[in-house]
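Student: Please model the entire structure based on the sequences and the hints provided.
Anchor point for the sequence shown: position 87 equals 87 in full-length UniProt numbering, and the numbering is continuous, going up by one each time.
Some clues are possibly wrong.
Taking CB as the label site, the calculated pair distances span [unchecked claim]:
| id | residue 1 | residue 2 | range |
| --- | --- | --- | --- |
| 1 | Thr215 | Gly102 | 19 to 27 Å |
| 2 | Tyr231 | His29 | 20 to 28 Å |
| 3 | Tyr86 | Arg24 | 20 to 28 Å |
| 4 | Tyr231 | Asp144 | 37 to 45 Å |
The hints are simulated quantities; they were obtained by calculation from the structure and are not laboratory data. Just so we're clear, the structure is a prediction, and the values are computed from it rather than from any experiment. Cβ coordinates follow ideal geometry from the N, Cα and C atoms, glycine included.
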Amino acid sequence: MNLTQTSNSQQSQCVLRLQRVTLRGKASHGLPVHEVQLTAEAGRLIFIQHERSHRTREFASMIQGLVPPTSGQVLFNEQTWADVDYSRHFQMRSRIGRVFDGPAWIQNANMMENVTLASRHHGASSGETRSRMRDWIKRFDIADVSRERPAFVEPALLQIYQWIRALIHRPTLLILERPMQLVSTRMLPKLIEAIDEIRREGGCVLWMTNTPIETLDPDVLIQVQGRQWSYVNGDPCDE
1 MNLTQTSNSQ QSQCVLRLQR VTLRGKASHG LPVHEVQLTA EAGRLIFIQH ERSHRTREFA
61 SMIQGLVPPT SGQVLFNEQT WADVDYSRHF QMRSRIGRVF DGPAWIQNAN MMENVTLASR
121 HHGASSGETR SRMRDWIKRF DIADVSRERP AFVEPALLQI YQWIRALIHR PTLLILERPM
181 QLVSTRMLPK LIEAIDEIRR EGGCVLWMTN TPIETLDPDV LIQVQGRQWS YVNGDPCDE
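Tutor: Shown next as C-alpha cells:
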C-alpha cells in the first residue's frame, strides 16, 4: 500500500517518512503495519482512524526510533534510526513530542518533575521548562497539580498534562495517541489551537484514535480496518 501526502511546494520539508515499513510487534492487538508508505511534510496534520482494539504504542515507538521495524525504513527529518549514531538519535528524539496511549508517568515523581523531565534530559534549563509548564497550565485553564504525584491526580487532568509534556518543547513532530481519551470535548478546541500553532511553526502532527473527530480537517485521513490502510482523503503518490 502507498500512503504519501505531497505538498504544493517542492521546497516542503519532509518530517516523517515510512518506506515500505512492516512492524510485527509483541502486542497482540498492535496497529497492523504491513508495507506501509507514508510521507508527512512540515505543517501537515495526518489523522489515522483505527479500530477500537488496535493499540498504537509500538507503532509510535517505532516512529521515535525506540522499536525497529521488521522491514523497511523510518526516517525523521530525512535521517535514519537504523545506524548506530546514538548521539544524533538523541538529538532527533528531542524534537518529537508524544501523548501516550496507556501508562505514561513515573509514579514516585511529582507532576512538575514528570512533565519537565524529557525537556531537561535534552538540555533545556529547569527554569525555562518550569516557566513553559506554568504558561500551558494557564492557557489550558486547568488546576495546577505540579506538586502532586500522578496517583493523586484525576485521570482526565493527567491526560491534559500529557498534552503539556508533549508540547512544552515545541516539537517538530507531535505524535498523539488517543489524546482526547477521558477528556471533556470542551477541551478539544484548546488542543486543536495548540497543534495548529505547531503546524504554523513547521511541525507535523500525527493524530491516532479510534474515534472520528468532525471538527478536525486533516491534510490526510487514513482509516485502518483489519490489516488494510485506506486513504479517505489525501493524495497517494508512488515514489
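Student: Each hint: holds or not?
Tutor: A quick look at each hint next to the structure:
Restraint check, Thr215 to Gly102: a C-beta distance of roughly 25 Å satisfies the suggested window 19 to 27 Å. Here the CB-CB span from Tyr231 to His29 is close to 23 Å, well matched to the stated 20 to 28 Å. A hinted range of 20 to 28 Å holds for the C-beta pair Tyr86 and Arg24, which are about 24 Å apart. Look at Tyr231 against Asp144: about 42 Å separates their beta carbons, and that is inside 37 to 45 Å.
The structure meets every hint from the earlier list without exception.
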